[in-house]
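Q: If you read the protein sequences in the order shown, they are chains R and D.
Letter 8 of the first sequence, counting from 1, is numbered 9 in this note's numbering, and no numbers are missing.
Letter 55 of the second sequence, counting from 1, is numbered 57 in this note's numbering, and no numbers are missing.
Where hints are given, some of them may not hold.
[To be verified] Facing chain D, a subset of chain R residues (Cβ under 10 Å, in silico): (1) P52; (2) R102; (3) H103; (4) S120.
Hints in this document: simulated from the structure, not taken from any laboratory.
Computed from a predicted structure; not experimentally measured.
Idealized CB from N, CA, C, for every residue including glycine.
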Amino acid sequence: MILLRIDPSSGVATYLQLVHQVRQAIQLGVLGEGDQLPTIKEVVAELAINPNTVLKAYRELEHEGLCSGRPGVGTFVTHSLAPPSQEVQIRLRSELEGWVRHAVEAGLDTETMVGLLRSVASDSGIEEVA
Amino acid sequence: MNALDSAGLGRRYRARWGLRHVDLTIPEHAVVGLVGPNGAGKSTLLHLATGLISPTEGALRVLGKAPGSREALSDVAFVAQDAPLPRRMRVRDVVTLAQDMNVRWDADAVESRIDSLRLDRGHRIGELSGGQRAQLALALALAKQPRLLLLDEPVASLDPLARRGFLQALMAAVAEGGLTVVFSTHLLDDLERICDHLVVLGQGTLALTGSIDDIVARHAVLVGPAGRPLPRGATVIGGNGHGGHQHLVSITAPILDPGWEQLTPSLEEVVLAHLQIHSGNKPRTPAHRLEVA
Numbered sequence: 002m003i004l005l006r007i008d009p010s011s012g013v014a015t016y017l018q019l020v021h022q023v024r025q026a027i028q029l030g031v032l033g034e035g036d037q038l039p040t041i042k043e044v045v046a047e048l049a050i051n052p053n054t055v056l057k058a059y060r061e062l063e064h065e066g067l068c069s070g071r072p073g074v075g076t077f078v079t080h081s082l083a084p085p086s087q088e089v090q091i092r093l094r095s096e097l098e099g100w101v102r103h104a105v106e107a108g109l110d111t112e113t114m115v116g117l118l119r120s121v122a123s124d125s126g127i128e129e130v131a
Numbered sequence: 003m004n005a006l007d008s009a010g011l012g013r014r015y016r017a018r019w020g021l022r023h024v025d026l027t028i029p030e031h032a033v034v035g036l037v038g039p040n041g042a043g044k045s046t047l048l049h050l051a052t053g054l055i056s057p058t059e060g061a062l063r064v065l066g067k068a069p070g071s072r073e074a075l076s077d078v079a080f081v082a083q084d085a086p087l088p089r090r091m092r093v094r095d096v097v098t099l100a101q102d103m104n105v106r107w108d109a110d111a112v113e114s115r116i117d118s119l120r121l122d123r124g125h126r127i128g129e130l131s132g133g134q135r136a137q138l139a140l141a142l143a144l145a146k147q148p149r150l151l152l153l154d155e156p157v158a159s160l161d162p163l164a165r166r167g168f169l170q171a172l173m174a175a176v177a178e179g180g181l182t183v184v185f186s187t188h189l190l191d192d193l194e195r196i197c198d199h200l201v202v203l204g205q206g207t208l209a210l211t212g213s214i215d216d217i218v219a220r221h222a223v224l225v226g227p228a229g230r231p232l233p234r235g236a237t238v239i240g241g242n243g244h245g246g247h248q249h250l251v252s253i254t255a256p257i258l259d260p261g262w263e264q265l266t267p268s269l270e271e272v273v274l275a276h277l278q279i280h281s282g283n284k285p286r287t288p289a290h291r292l293e294v295a
């Protein structure tokens with residue numbers, strides 16, 4: 002069972018914070034297929050947040066195909082996300098190094114590069130991860 | 003059916019209107035934050051909903067019934083500010099008294115809540131901490147199994163730990179289902195995690211209301227080059243803290259101008275901007291009140 006938490010100062014919507022934490026736990030292998038998420042009542046009693054927020058987060062995870070709810074029982078992880086292989090990570094990294102070189106030559110600082118990456122990711126429909 | 007429905011609701015105290023022109027719809031099962039500065043009309047609205055006072059004009063229905071009527075009262079619970087329980091009575095006697103005054107009563111729920119709070123049933127109310135008294139009042143209010151729970155500033159006088167304990171108990175009750183909660187507060191920081199609907203009052207009138215998702219979706223922070231005309235459908239409501247080329251706007255149509263980057267504002271800044279406008283102060287970026295392109 003994972004412990005969910007909330008950072009009120011992050012500026013990220015509460016339900017998205019929950020979605021990100023569960024997704025990350027699945028990506029890191031902390032949660033595997035068949036593992037149960039804390040029940041809505043457990044999360045609410047621990048974090049003092051609106052139950053509808055937890056419900057919304059779990060629905061989003063179901064929508065993404067990562068979890069599925071069994072009425073009266075709870076919500077379970079149905080999918081495991083293997084991290085990209087080392088080979089793929091190395092290739093992505095070297096491609097990015099080329100791009101960063103161009104960006105530095107064009108006078109961009111790190112913050113602007115990150116902003117650009119975010120903007121491209123969001124344009125291509127990938128949800129921004131805080 | 004809605005938990006609260008009002009049209010043209012107003013209440014006058016002698017020469018002064020405490021509340022006026024309030025058109026409200028609160029769906030059942032919502033958790034509603036009733037927000038505004040002191041004197042904005044929050045308590046007036048709660049007192050009207052309980053039937054403690056009557057409207058001067060307009061109409062109000064509570065769960066489809068007249069506020070204060072026998073049918074409404076059996077489904078409505080109200081905890082007044084600072085949980086005013088008789089200070090000299092003992093915990094167990096207050097519980098018995100409350101039980102005698104209500105038709106529907108979940109005695110097991112009260113007892114188990116008192117146990118989990120580790121309250122001594124022999125203690126007098128005056129000997130309890132503010133947090134314990136607030137929790138006891140909540141337990142008593144929930145024991146009558148209301149469909150609508152009205153709370154006037156339930157956490158205002160509590161320390162952070164007591165406040166958290168109270169909100170945990172309240173949210174756990176909501177998770178059981180079937181309950182609509184309206185609570186007034188002048189604190190904005192917990193709103194987003196506790197509420198799903200907002201009613202913002204300023205100077206006795208409605209400044210903003212709706213589901214929080216809708217409210218956030220109807221606003222944006224626009225970032226663009228200085229001097230660029232604002233896109234169609236955007237109205238500046240504030241710019242504080244965003245510098246010259248950022249505007250907090252309310253939007254009535256999707257922003258299509260690619261020259262503006264659109265960010266999601268925090269609920270707190272949206273509420274503050276509306277309160278500021280409602281207090282009679284103009285948004286602090288007059289130079290950017292440009293007409294649509």
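Q: Now tell me, hint by hint, if it's right for this structure.
A: Hint-by-hint comparison with the structure:
1. P52: holds, 4 Å
2. R102: Given a least distance of 26 Å, the restraint on R:R102 is violated.
3. H103: Violated, about 23 Å.
4. S120: holds, 8 Å
In terms of the numbered hints stated before, the structure departs from hints 2 and 3, listed from lowest to highest.
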